[in-house]
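With UniProt numbering, letter number 110 in the sequence shown gets 110, and the count goes up by one each step, no holes.
Because the hints were derived from the structure by calculation, they are not lab data.
Since this is a predicted model, take the numbers as computed values, not measurements.
Every residue, glycine too, gets a C-beta built ideally from N, C-alpha and C.
Incorrect hints may appear among the rest.
The following label-pair restraints were derived from C-beta to C-beta distances [unchecked claim]:
{"id": "1", "residue 1": "Phe50", "residue 2": "Asn89", "range": "35 to 41 Å"}
{"id": "2", "residue 1": "Asp46", "residue 2": "Phe100", "range": "21 to 27 Å"}
{"id": "3", "residue 1": "Tyr53", "residue 2": "Leu79", "range": "44 to 50 Å"}
{"id": "4", "residue 1": "Pro12", "residue 2": "Ala47", "range": "37 to 43 Å"}
{"id": "5", "residue 1": "Asp76", "residue 2": "Thr42", "range": "33 to 39 Å"}
{"id": "6", "residue 1": "Leu9", "residue 2": "Val83", "range": "28 to 34 Å"}
{"id": "7", "residue 1": "Val16", "residue 2": "Phe98", "range": "48 to 54 Å"}
{"id": "8", "residue 1": "Ile58", "residue 2": "Gly31", "range": "19 to 25 Å"}
{"id": "9", "residue 1": "Gly27", "residue 2": "Cys96", "range": "29 to 35 Å"}
{"id": "10", "residue 1": "Ile13", "residue 2": "Ile87", "range": "31 to 37 Å"}
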Amino acid sequence: MRSFSVFHLFKPISNVLPDSSLLIAVGLLLGLILKESGAHITYSLDAHVFFLYLLPPIIFDAGYFMPNRALFENVDSVLLFAVVGTIWNCIAIGECVFLFLIDVLSFGWSSIYS
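From just these sequences and the hints, can you work out the full model?
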C-alpha cells in the first residue's frame, strides 16, 4: 500500500500537501492522460472487488501504522464512540425501516401499482 511513498522524497511538496491530496492529483493526472490517449476501456468497481482487493490493504495499513500508545491512551473514548455509534446507527436504521414499512403498508400495495 506504500507504493506512493515517493512523495516523501520531495520534501518541499510533502511538507505543504498531505499524501491524500497528492494521490488525488496523481489520479486526476493519470485519468486525464488516459482520457486524452483515446483509451475506451470502461472499468466498473463492484462490491466483490472492493471488499476483496481494496479494503484489506486500507484496514491493515491503518492498523499497522497507528501508534499503540495513542490508541491505549484513548481507549475509553475509542470504545465510547464505537459502542454509542453502533447503538445510534441501530436505532436510526431501525426507525427508518419502521417508518418506511408503516408508510408503505398504510397505502397498500394496490395504490403503489395503480
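- Query: Using the C-beta atoms of Gly27 and Cys96, is the stated range 29 to 35 Å upheld?
  - Reply: Given a distance of about 34 Å, which is inside 29 to 35 Å, the answer is holds.
Determine whether the Cβ-Cβ distance between Phe50 and Asn89 falls within the hinted range of 35 to 41 Å. violated, 20 Å
| message | Assuming the hint says 33 to 39 Å, is it satisfied by the Cβ distance from Asp76 to Thr42 or not? | response | violated, 48 Å
Holds or violated: 31 to 37 Å for the Cβ distance of Ile13 and Ile87?
Given a distance of about 43 Å, which is not inside 31 to 37 Å, the answer is violated.
- request: Take the C-beta atom of Tyr53 and the C-beta atom of Leu79, compute their distance, and say whether it sits inside 44 to 50 Å.
  value: violated, 30 Å
| request: For the range 48 to 54 Å, tell me whether the beta carbons of Val16 and Phe98 fit it or not. | output: Holds - the Cβ-Cβ distance for Val16 and Phe98, about 49 Å, lies within 48 to 54 Å.
Should the hint that Asp46 and Phe100 are 21 to 27 Å apart at their CB atoms be regarded as holding? With Cβ atoms ~26 Å apart, the hint holds.
Ile58 versus Gly31 beta-carbon gap, inside 19 to 25 Å or not: Given about 20 Å between the Cβ atoms, the range holds.
Assuming the hint says 37 to 43 Å, is it satisfied by the Cβ distance from Pro12 to Ala47 or not? holds, 40 Å
Practice problem: Could you say whether the range 28 to 34 Å given as a hint is met by the Cβ separation of Leu9 and Val83? | Solution: violated, 42 Å
Of the numbered hints stated above, those contradicted by the structure are hints 1, 3, 5, 6 and 10, listed in ascending order.
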